[in-house]
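2 protein chains.
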Amino acid sequence: MELLKKRILQDGIVIGNRILKVDSFLNHQMDINLFNEMGKEFRNRFKHKNITKILTVEASGIGIACIAAQHFDNIPVIFAKKYNATNLDKDTYEAEVYSFTKEKTYKIRVSKKYINNEDRVLIIDDFLASGSAALGLIDIVRQSGAEASGIGIVIEKSFQGGRKMIEECGVELQSLAIIDSMENNTVNFK
Amino acid sequence: MELLKKRILQDGIVIGNRILKVDSFLNHQMDINLFNEMGKEFRNRFKHKNITKILTVEASGIGIACIAAQHFDNIPVIFAKKYNATNLDKDTYEAEVYSFTKEKTYKIRVSKKYINNEDRVLIIDDFLASGSAALGLIDIVRQSGAEASGIGIVIEKSFQGGRKMIEECGVELQSLAIIDSMENNTVNFK
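Sequences listed follow chains L and S, in order.
Residues 414 to 603 (the numbering used here) make up the first sequence, in order.
Residues 414 to 603 (the numbering used here) make up the second sequence, in order.
Hints listed in this document are in silico derivations from the structure and should not be mistaken for laboratory results.
Do not take every clue at face value.
Each pair may be met inside one copy or between any two copies, as identical chains are not told apart.
[As the list claims (entries may be wrong)] 20 Å max Cα-Cα, derived SDA-like pairs, lysine to any residue:
(1) Lys495 / Ser571
(2) Lys520 / Asp593
(3) Lys515 / Gly574
(4) Lys517 / Leu501
(5) Lys462 / Asp593
(6) Lys495 / Ser437
(7) Lys418 / Ser557
(8) Lys526 / Leu422
Please put together the full structure from these sequences, using the hints given.
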């Protein structure tokens, strides 16, 4: 997606050769015009899947998923919870995830009420690195009996191996920008 | 807002006499059609304020704020971070918040890059209870030199005192549904 790649080159900041900071438009401050263009692109790539629900994980995926849902006939969005809250059901699907940016493992949870075996679920997230969050979300979808119909990622860092993990699960992966390397503070797209 | 009140009566679950579970449409599964109606209503109530940015706090506020921004000419949305991440700037505005649902105190942070003294900021959140999160967000806006132009809340629990705290700060508060009590598992609106 050219608009997104341009924005990454313009405003992204490479730290070391593994972290890309895009907090000016993607995951701290959020550019709603850009999110709508991303939503249209996800729609174009997954329109053949008859998606019934979008699943993401807090926090950075939520805004992207909500705006994208408008391009899928306003289907419901569910976000997996990373932190226990007194208002979360006891009866949940759970999976373990390792966060690359936070450097720790935690559980993600989705109430059993909101995904069922008639759903075709599109998973959306801001980044794909090692694939741990995406695998956890696929796991949760499959526990519910629903179909994991696809994964839509905004920025894939292909050098961290997530794509292979997801393709081994047999789930279609579509990334709007794929970064092959970030050597010498320079982003190189696929 | 009648549509929202109807939905709370239809799908909200009262736990004890202080917790209202609305995770089927507001803060776990999210009803994007309802969010757009809420966004229009926020626009109607704050259109005289010439808002330049929307500020919320992760995680439940993000979807509401992103959809609402579309009714304010797609202005940027910033979400305050509750948890430290390696991709957050070191240079942040900070405030302390007590979470009613999570029963603990934590810091919220916003990078100094994304709010400045020319901004007129609308704060949006899903719930107002004791007002601690809203006060923390007002504090952050004022640290930046920006104007805290208003607070838009989806559900205010008036019996927990948040309104008084905010009005003492001199910030306009607009809540789409105001609950006066939840005795005997029944929601009573103002």
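Results of checking the hints against the structure:
no., hint, verdict
1, Lys495 / Ser571, "neither (25 Å within a copy, 29 Å between copies)"
2, Lys520 / Asp593, "neither (29 Å within a copy, 36 Å between copies)"
3, Lys515 / Gly574, "within (18 Å within a copy, 35 Å between copies)"
4, Lys517 / Leu501, "between (22 Å within a copy, 16 Å between copies)"
5, Lys462 / Asp593, "neither (28 Å within a copy, 45 Å between copies)"
6, Lys495 / Ser437, "between (23 Å within a copy, 17 Å between copies)"
7, Lys418 / Ser557, "neither (35 Å within a copy, 31 Å between copies)"
8, Lys526 / Leu422, "between (41 Å within a copy, 18 Å between copies)"
Of the hints listed earlier, those the structure fails to meet are numbers 1, 2, 5 and 7, in rising order.
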